[in-house]
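There are 4 protein chains.
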Amino acid sequence: MSFNSFGHIFRITTWGESHGPALGVVIDGCPPGIPLEAAEIQTALDKRKPGTSKFVTQRKEPDMVKILSGVFEDDRIKKEFGGPVTTGAPISLEIENVDQRSKDYTDIRDKYRPGHADYTYDAKYGLRDYRGGGRSSARETAARVAAGVVAEKALAQVLDSTVTIRACMVQMGADKIDRAAFDWSEIENNPFWCPDSAAAKRWESQLDAARKAGSSMGAVIEVVASGVPAGLGAPVYGKLDAELASAMMSINAAKGVEIGAGFEAAALSGENNADEIRMQNGKPHFLSNKAGGILGGISSGQDIVLRLAIKPTSSILTPRKTITRDGQETDIQTKGRHDPCVGIRGVPVANAMMALVLADHALLHRGQCG
Amino acid sequence: MSFNSFGHIFRITTWGESHGPALGVVIDGCPPGIPLEAAEIQTALDKRKPGTSKFVTQRKEPDMVKILSGVFEDDRIKKEFGGPVTTGAPISLEIENVDQRSKDYTDIRDKYRPGHADYTYDAKYGLRDYRGGGRSSARETAARVAAGVVAEKALAQVLDSTVTIRACMVQMGADKIDRAAFDWSEIENNPFWCPDSAAAKRWESQLDAARKAGSSMGAVIEVVASGVPAGLGAPVYGKLDAELASAMMSINAAKGVEIGAGFEAAALSGENNADEIRMQNGKPHFLSNKAGGILGGISSGQDIVLRLAIKPTSSILTPRKTITRDGQETDIQTKGRHDPCVGIRGVPVANAMMALVLADHALLHRGQCG
Amino acid sequence: MSFNSFGHIFRITTWGESHGPALGVVIDGCPPGIPLEAAEIQTALDKRKPGTSKFVTQRKEPDMVKILSGVFEDDRIKKEFGGPVTTGAPISLEIENVDQRSKDYTDIRDKYRPGHADYTYDAKYGLRDYRGGGRSSARETAARVAAGVVAEKALAQVLDSTVTIRACMVQMGADKIDRAAFDWSEIENNPFWCPDSAAAKRWESQLDAARKAGSSMGAVIEVVASGVPAGLGAPVYGKLDAELASAMMSINAAKGVEIGAGFEAAALSGENNADEIRMQNGKPHFLSNKAGGILGGISSGQDIVLRLAIKPTSSILTPRKTITRDGQETDIQTKGRHDPCVGIRGVPVANAMMALVLADHALLHRGQCG
Amino acid sequence: MSFNSFGHIFRITTWGESHGPALGVVIDGCPPGIPLEAAEIQTALDKRKPGTSKFVTQRKEPDMVKILSGVFEDDRIKKEFGGPVTTGAPISLEIENVDQRSKDYTDIRDKYRPGHADYTYDAKYGLRDYRGGGRSSARETAARVAAGVVAEKALAQVLDSTVTIRACMVQMGADKIDRAAFDWSEIENNPFWCPDSAAAKRWESQLDAARKAGSSMGAVIEVVASGVPAGLGAPVYGKLDAELASAMMSINAAKGVEIGAGFEAAALSGENNADEIRMQNGKPHFLSNKAGGILGGISSGQDIVLRLAIKPTSSILTPRKTITRDGQETDIQTKGRHDPCVGIRGVPVANAMMALVLADHALLHRGQCG
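Chains as they are written, first to last, in the working numbering: chain A, 23 to 392; chain B, 23 to 392; chain C, 23 to 392; chain D, 23 to 392.
A hint or two may mislead.
[Unchecked claim] Taking lysine-lysine pairs in the DSSO-like style, the calculated list, with each CA pair at most 27 Å apart, reads:
1) Lys343/A with Lys198/A
2) Lys82/D with Lys223/D
3) Lys82/A with Lys88/D
4) Lys198/D with Lys82/D
5) Lys125/B with Lys88/C
6) Lys198/A with Lys198/B
7) Lys76/A with Lys198/A
8) Lys125/C with Lys100/B
[Stated by the list, open to error] Covered by chain B, per the in silico footprint, the following chain C stretches (three or more residues, Cβ under 8 Å):
9) 49 to 59
10) 193 to 203
Honestly, the hints are just simulated from the structure, not real lab data. By construction, the Cβ of each residue, glycine as well, lies at the ideal position given by its N, Cα and C atoms.
Chain A extracted, bound-state conformation (with noise of 0.2 Å):
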């Protein structure tokens, strides 16, 4: 049992603070044979990473990645695969930290945030890393994302087969994208992830507008998984909507998920709600998704579809109420380089655990374990 652990077979365990030396993963279980070389885990970072935009918060980390163990390489690998592959021991990713802005954190010491972990973590532990917000910090997901670039690696070579794993901001503030525009190639066109070129135009003005009042947005993510064959997951507590729901809602600012129909599913009547069967190409073809693409915990083969939805970032320019830590009562405006819109960095997040939980249950399955 590690709180800081993720996944059962193929398993994460990442560490660092904010404003620490480094942060980085450890990941276990890994089949050997993955071809794997850091530059790959770079360019997955390099799209999360701080700064890329207005947008997003304005620190400076080039997120260099170095893999500190489990691949190797020699004349014959080489020849075989082309480069380092991994050898079935553990891989220890590491980004230092270059950032940190050196400054006056006595504001953020001694006064809990209004929507931040500061007064839980205290309450918790008795004492905190404070310095830009330490291990509650989003930056422990560029841990993730690099994990994630190596699960999508086992995950294909698990199943010897393509999964395509994408996610998209579908709704920012109030404002959802129109369904009928979708078009997953946009996704790359504006700083949103907005698979739909008229909302992000839209949410251009509406996120500048909240950056300039010190404000921030909340968002919802969607991430759609294709490819998956049926059979991955388990039953009762092993669900992998119950998989997938604990990866998304351990995101920082994530307050609910839901899968295919999710929500809505409630309103709908059975006839409609359970989707219909017939063959095509000698294999199962559903009439529709509601279920998202999991039944009974279990995937159908279908596409798998979740969203998660974002809380607005905490951190604003606002006086809010709050508390000292000793109990007297005062005012908090946060200062310093925040995202007005978390949920655009949570958007590769949101993908890397995809990825991990599909390439930890690809791996129980091969195994028949679960």
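The hints should help you fit chains B, C and D onto chain A, whose structure is shown.
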């Protein structure tokens, strides 16, 4: 790792199929010295059991629970505790199945019921016990409710204070309760655990209509835990939100879960979302509860509030398109006794899962384990 | 985490006290499609059960096992498999206690028996079920033997080959068998599972003398698994040696475990200890087996060989110095029915634990999980 | 589940290969508020590190440890604790490898060294990092020793009392120490951690002879923990004996472990084996310690005493028969720098493993978790 187990320290393992001879649960990690008698568990089971109104399955199960291990009484214990107490050894609870109606299962043996786990179980296991849904049946949840009683008692002992856990239905189909009319004392006055008497009346006729039409309805369940001290939970992957999400999504037919403001948090501004803090009676007092009692994965001392979406029962009388085990297209019409709204019986189950998560984390907190 | 559970993937959870109504085990993670009937488990239980000779406890327990879940049969399955098969759902096995002799427990209620767990259970839990030793009784091992049968069947299915697991007693008191006389076919010919008929004869009179004197004797058990393929186990903390050591030391009265040359390896030179390798029939062939079939924590394809030291039964008729629960000095003399050499009944238990470890690691290996 | 992790609540995960850039450990579950500085860990590492005498490998590793996360200091903490303290977040420790001698590995790349994990790693993974033994190298144990320091500090804090853990070598080759001459203060006076100065002298010439002959010797290590309160551990599968056996057998080259009288218990009568109890200073006082401080899997308050057999180093200069990766028969002669008796450096590792097990169970005990 066991996918039929739930919890880290206070850990349950359930077993049993819908139409097997019995079902049960082994509870491990329950502290010693907790008074426990079968009658207390029975009271909770009686609330969940089938056949209590026309709105739940007509299967007649007395659901008589037996305690087979883990409790002990002698004269000294009787004198000190008033009756048998837990010993710290695993507690085995067993419930016999008595009303497994002997019938012809040919239909569901060969055809996959849309919305059910039939196809996915076959995809995972290659075969399945299809009688009454086998292991995927909601009958498994009787074991959860039984274990939940023990969890609530353990929770009270560990915290040395009372946590009140209550659950209710706040939406049936598309019809939500009136929050202004919310009254916990109403929930035992109607067959829906509805805290709004007017809504309960409306639901009665709606569900009756659905039932007569052979259809079914979904629901939203709300669970509230009051009196939970600050400091329970864990950062990162063991966030209390993540644990609760996993617990709730493991309930049959659950498709979504949200904490506090949940999906509505996405539409709030940072100012409106972060709960301000004042002092009251020498303790922190939050001016709102958008967070649902959890900040950074750790309880804040506020009420823990979550909601859970339950899809409409997949067993309906209208014929639906499906395929056979051998890949032939066909139709299926579910027969047998079913819940027109499985959300109703989900209420005590959601209540039990909250108790299980809290007991587990209260124990971890006591040992500063996590 | 559950201290009444064993195994990672093929995982058992046992419950029950010596004098409670029943005891049992839930087996989770057993693959589907394994033919399983109660009669097969019964055969193994009959070998371990009390009352079979004057050298084991005279308690009369029929140890009739019931399978309550996790197996299923219909016409199609009967035709394909010849009888009921596992479904992948948890298998619940239950054995009733019938000969809990109603008696006066005042003596062991108030006094701590030297060598028993009485004092330490009270130190840990504050109270204990002392009837027959409660949870600390070797009666729990009936559940292990039952689960071991399922493990052996799972192992054969997963490896698609036969692993032969055998256990015997190689020493009773200070008297060791003659290795030159070792003959597996002898073990069912004497009440000691002794592979050396001459030693068995000597032991008979030695143990009879000890029994009549109200004393007891220790033993060394040897377990050998043949046909285990190379590659099972894991490096570092999941070493097959470590898993087996944990399994064996969890058996009541075990005080030592060694693999291969074991403690004698300390006295060997590097030249004599490392097993040289040649080829034979196209496969690696080791010229000796000092390693006991495990190198670096992973099976080498040789026989896995371990030995296990069992202390003499602590229940003896000679009065011993002890203290009461309240800290008064006193004497105690154990009454009741006991095994003069608990090592005898430990033999099938050690056999079962080997099967459990191997089934678990065979599943992990198949999924390349670990 | 992670086979590179150890512990339930106080849980370590190690990573790194012998000739990779670094190795390290992530410690999760360490309570907050424990003063911790790198210098303390360094002191322990210096005792274990290579190159300190001619009796250990001549590899020159400074083994400088860095703390990368999980500790924090500000003015308030400095004032209260005197320096940086643990925060409850995972503690990442890292040690660079600096003396990975660049050399020709062709020999061990293609041939399996008898007694080493070469063949079994290939059997399990299909490939391996053979440089210096890769993951199977005893270099991994540096991470254990580092984590052991943190465990000892956590143990003292959790129990609010001092547990003294000491380890020594009691046998080298076939030569045992004289128990009458046992003196803990001797162990730092010789390169063997030997508590008998006369034996140490004998061992010096014996090992020198073995070293010059290119041979190697085995050893028996004894570990004693004094001051452990009664009540730590768990019945059944989590027996403290089983946990310790697993911990010790996970050490490289370990082939046997015994608690208290261990294998000699088999030869004792029931009268001589069960430790009688009297009162002393108001506390239970055992008249002997055959049990090694553990009864029924739970600590009794006596010294916990265990012994561990270490096989002779498999790397020797005498050519040995072996096979190549491709199944050709050949000879191999190990070159490179090696420990003539790997048991020597095993002493601090065994000490660390004892600390890890006790810290883990002390935390479990505090929470009454188990």
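Notebook entry, point to check: Holds or violated: are the alpha carbons of Lys82/A and Lys88/D at most 27 Å from each other?
Noted result: Status holds; Cα separation ~24 Å.
Next item on the list: Closer than 8 Å, Cβ to Cβ, for at least three residues: run that test on the region 193 to 203 of chain C against chain B and report holds or violated.
Entry: Answer violated; 0 residues pass the 8 Å Cβ test.
Margin query: Between the alpha carbons of Lys125/C and Lys100/B, is the straight-line distance 27 Å or under?
Written below: Distance of about 19 Å is within 27 Å: holds.
Notebook entry, point to check: Taking only the CA atoms, is the gap from Lys82/D to Lys223/D under or equal to 27 Å?
Noted result: holds (26 Å)
Next item on the list: Compare the distance between the alpha carbons of Lys125/B and Lys88/C with 27 Å, and conclude whether the hinted pair is satisfied.
Entry: Holds: Lys125/B and Lys88/C sit about 24 Å apart, inside 27 Å.
Item checked: 27 Å limit on alpha-carbon distance, applied to hinted pair Lys198/D and Lys82/D -> violated (31 Å)
Item checked: Agreement of Lys343/A and Lys198/A with the hint, judged by alpha carbon distance not exceeding 27 Å -> Cα-Cα ~31 Å, so violated.
Note to self: Please verify the coverage claim for the region 49 to 59 of chain C: does it have three or more residues whose C-beta sits within 8 Å of some C-beta in chain B?
What the structure shows: It holds: at least three residues are needed, and the region 49 to 59 of chain C offers 4 whose Cβ sits within less than 8 Å of chain B.
Next item on the list: Would you mind confirming whether the straight-line C-alpha gap from Lys198/A to Lys198/B stays at or under 27 Å?
Entry: holds (22 Å)
Next item on the list: Decide if the proposed pair is consistent with the structure: Lys76/A and Lys198/A, CA atoms, cutoff 27 Å inclusive.
Entry: It holds: about 21 Å lies between the C-alpha atoms, which stays within 27 Å.
Violation of the numbered hints given earlier is confined to hints 1, 4, 10; the remaining hints are satisfied by the structure.
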